[in-house]
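Peer 1: Sequence:
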Amino acid sequence: MARHKWALSGTPILNSLDELYSYFKFLGVPYTGSFKLFKRNYADPKEPESIERLLIRLSQFMIRRDHSNIMMNAPILKLPRASQMTHWCEFNSVERGIYEIVRQRFAKRINLASRENELEKSYNNALVMLLRLRQLTAHILMLQSVVQDLLEQEDIEKIREIVQMEATSQGTRKARTILAIRKQLDHLEAEAKKQSANKATNRSKKSHRLTGRNDDDDSGERDIEELLDDSQEIVDDNQAAAGRPASSGRSFGKNFDFRPYLNSLTTGENWDKVKKKAVCADCAGRLRGAWLTSCGHMLCTDCYDAAQLEAAEEDHEKAKCKGCGSIFTHANEIQENGDEFVSAGPATRAKRQQHSKEVLRIEQQDIAEDWLTWGGEGVLPSAKTIALKAQLLNWFNENPNVKVIIYTQFLAMIRIIRKMCTEEHWGTEEYHGKMSHEARDKAIQHFANDAGVQVLLASLRCGGLGLNLTMASRVVILDPWWNSASEQQAFCRVFRFGQTETTCLTRFCVKNTVDERLIQMQERKEKEIDSVMKDDAGAKARKMGIRDLMRLFGSVGDDEEGRPFILADNGDARGGFVADDDHEGYADEL
Numbered sequence: 001m002a003r004h005k006w007a008l009s010g011t012p013i014l015n016s017l018d019e020l021y022s023y024f025k026f027l028g029v030p031y032t033g034s035f036k037l038f039k040r041n042y043a044d045p046k047e048p049e050s051i052e053r054l055l056i057r058l059s060q061f062m063i064r065r066d067h068s069n070i071m072m073n074a075p076i077l078k079l080p081r082a083s084q085m086t087h088w089c090e091f092n093s094v095e096r097g098i099y100e101i102v103r104q105r106f107a108k109r110i111n112l113a114s115r116e117n118e119l120e121k122s123y124n125n126a127l128v129m130l131l132r133l134r135q136l137t138a139h140i141l142m143l144q145s146v147v148q149d150l151l152e153q154e155d156i157e158k159i160r161e162i163v164q165m166e167a168t169s170q171g172t173r174k175a176r177t178i179l180a181i182r183k184q185l186d187h188l189e190a191e192a193k194k195q196s197a198n199k200a201t202n203r204s205k206k207s208h209r210l211t212g213r214n215d216d217d218d219s220g221e222r223d224i225e226e227l228l229d230d231s232q233e234i235v236d237d238n239q240a241a242a243g244r245p246a247s248s249g250r251s252f253g254k255n256f257d258f259r260p261y262l263n264s265l266t267t268g269e270n271w272d273k274v275k276k277k278a279v280c281a282d283c284a285g286r287l288r289g290a291w292l293t294s295c296g297h298m299l300c301t302d303c304y305d306a307a308q309l310e311a312a313e314e315d316h317e318k319a320k321c322k323g324c325g326s327i328f329t330h331a332n333e334i335q336e337n338g339d340e341f342v343s344a345g346p347a348t349r350a351k352r353q354q355h356s357k358e359v360l361r362i363e364q365q366d367i368a369e370d371w372l373t374w375g376g377e378g379v380l381p382s383a384k385t386i387a388l389k390a391q392l393l394n395w396f397n398e399n400p401n402v403k404v405i406i407y408t409q410f411l412a413m414i415r416i417i418r419k420m421c422t423e424e425h426w427g428t429e430e431y432h433g434k435m436s437h438e439a440r441d442k443a444i445q446h447f448a449n450d451a452g453v454q455v456l457l458a459s460l461r462c463g464g465l466g467l468n469l470t471m472a473s474r475v476v477i478l479d480p481w482w483n484s485a486s487e488q489q490a491f492c493r494v495f496r497f498g499q500t501e502t503t504c505l506t507r508f509c510v511k512n513t514v515d516e517r518l519i520q521m522q523e524r525k526e527k528e529i530d531s532v533m534k535d536d537a538g539a540k541a542r543k544m545g546i547r548d549l550m551r552l553f554g555s556v557g558d559d560e561e562g563r564p565f566i567l568a569d570n571g572d573a574r575g576g577f578v579a580d581d582d583h584e585g586y587a588d589e590l
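Its first residue numbered 1, the sequence shown is counted upward by one per residue in the UniProt record's numbering.
These are computed hints drawn from the structure, not numbers from a lab.
The beta carbon of each residue, even a glycine, is placed where N, CA and C say it ideally should be.
Be careful, since some hints might not be right.
[To be verified] Straight line, CA to CA, 16 Å or less: simulated EDC-like cross-link-like pairs of lysine to aspartate or glutamate:
id	residue 1	residue 2
1	K525	E118
2	K193	E398
3	K525	E152
4	K527	E152
5	K193	E560
6	K108	E152
[To be verified] DEER-style ranges, computed between Cβ atoms:
id	residue 1	residue 2	range
7	P45	L309	44 to 54 Å
8	T502	H425	43 to 53 Å
9	L8	E523	38 to 48 Å
10	R517	G10	20 to 30 Å
11	S326	N397	43 to 53 Å
12	L8	E100	44 to 54 Å
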């Protein structure tokens, strides 16, 4: 048994206070007890006394230092200024339509499992569905197999209608959008740098994240339509190649045409499977002729005619959909070239493998080359890739020699971004788990030494830990992670000892999607962790008086002479603090 023990960690807590238990046990902290009692005594975020008790314990054996701490009137480590910001992207109508259709299909499956009391058994499947939604916020092309297997005939018809309504935006409009996003990002970065400067001046060590969505902050992002009005002058590709300011770059992102991809979904064996799943929303029978209502349900011709007749008899101008009960404003007849629809029950799937293996498989899932460039030589843009292009244009305009690391969770997204960079004539290297160690080392060396390689495309799992990448000074995170600590570790591949340039982290999220919920989850975790790890937490514990200290062990009263004592005012005479080992005085069952 060691006489003296040390535990060293850059990120002692990633998700919750429960993670401190292993440190307590290893270091032999008195009154640690079992994991169950540790959580009750020290790690209940809903109980202020539990957190205060933890603060007192940590102040006895924990020392926390970061680069901004002062020793002998100088910072422990002096690093160039760093700034961070989050840009909230907006889907176009096609992306939004597909996202909502897929989300509703997933929600329907989860609700079905809940009604059948199999939600716990389907927990891993629900997490996989969540992972698929995260992919969808990055790029719809990553969900080729999901779209083919999940969507039904009425979904395809909905998407077809959206695509037809979305006029293909050529040159000028899309170029103006890129310019408008560049202005948004310029504004956000200026505010982030301002906040960083203020933090350095005040010696405030509290981490700050600029999201651009704070309603109380007048410095947030300007509306994209407002900025479009300011972006009248468009720079052509020749001017873009010359590196002139306010460039919309080359061809990527200036055309969004989903029709070739939609057509590929309605041909071959996959389309036959989709048709076999189609049923009437009213009678649930086979579809002999089909009508798609404005509410998105399919009706056979007989049920459609019956609904119209019923509305006429009741003197109603519009008919009611029997699928959802809403009034549909219009319905479109679907031509199927004589093919017959056959009713089939709900689609069944084989049980998936263990969740961790399935997540890894999805993360490393590649994307078919024909699907990647179905619409021609270029790759289909997305809300995040257009914003990414705008950010890279800003950075390269500011400093043509700057190097950028782009983190994503998905290999398919690396392929898409590489295509984008090729269109824009930006040199790239890759760093991910499917590469050998030798190939990874060569990629890092090439990225560091070749001035023509400006972008490193890295997976967050593989490239976010254990690397020294100070040759870069700009970082992009495309997929919000479950906790912000992992994102900060990735940023610290750049923001570390040896860095000579100012650094910047840009995070891209999509409004009104699972991205928002992930950011909210990050913020909840940060709030809990900051309650014990923030810089003034230890000071707060040290400043507590004797009465505050006594209150942690139970309610406190005063005797006749005004001296405080702990009241036995509940069934637990220990005042809420329990232990479980024999030498600690109480049995685990208590």
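Peer 1: Each of the hints needs a verdict: does it hold here or not?
Peer 2: Hints, one by one, checked against the model:
no.: 1; hint: K525 - E118; in the structure: violated, 29 Å
no.: 2; hint: K193 - E398; in the structure: holds, 15 Å
no.: 3; hint: K525 - E152; in the structure: violated, 38 Å
no.: 4; hint: K527 - E152; in the structure: violated, 42 Å
no.: 5; hint: K193 - E560; in the structure: violated, 59 Å
no.: 6; hint: K108 - E152; in the structure: holds, 13 Å
no.: 7; hint: P45 - L309: 44 to 54 Å; in the structure: violated, 60 Å
no.: 8; hint: T502 - H425: 43 to 53 Å; in the structure: violated, 26 Å
no.: 9; hint: L8 - E523: 38 to 48 Å; in the structure: violated, 27 Å
no.: 10; hint: R517 - G10: 20 to 30 Å; in the structure: holds, 27 Å
no.: 11; hint: S326 - N397: 43 to 53 Å; in the structure: holds, 50 Å
no.: 12; hint: L8 - E100: 44 to 54 Å; in the structure: holds, 47 Å
Against the hints set out earlier in the document, violations occur for numbers 1, 3, 4, 5, 7, 8 and 9.
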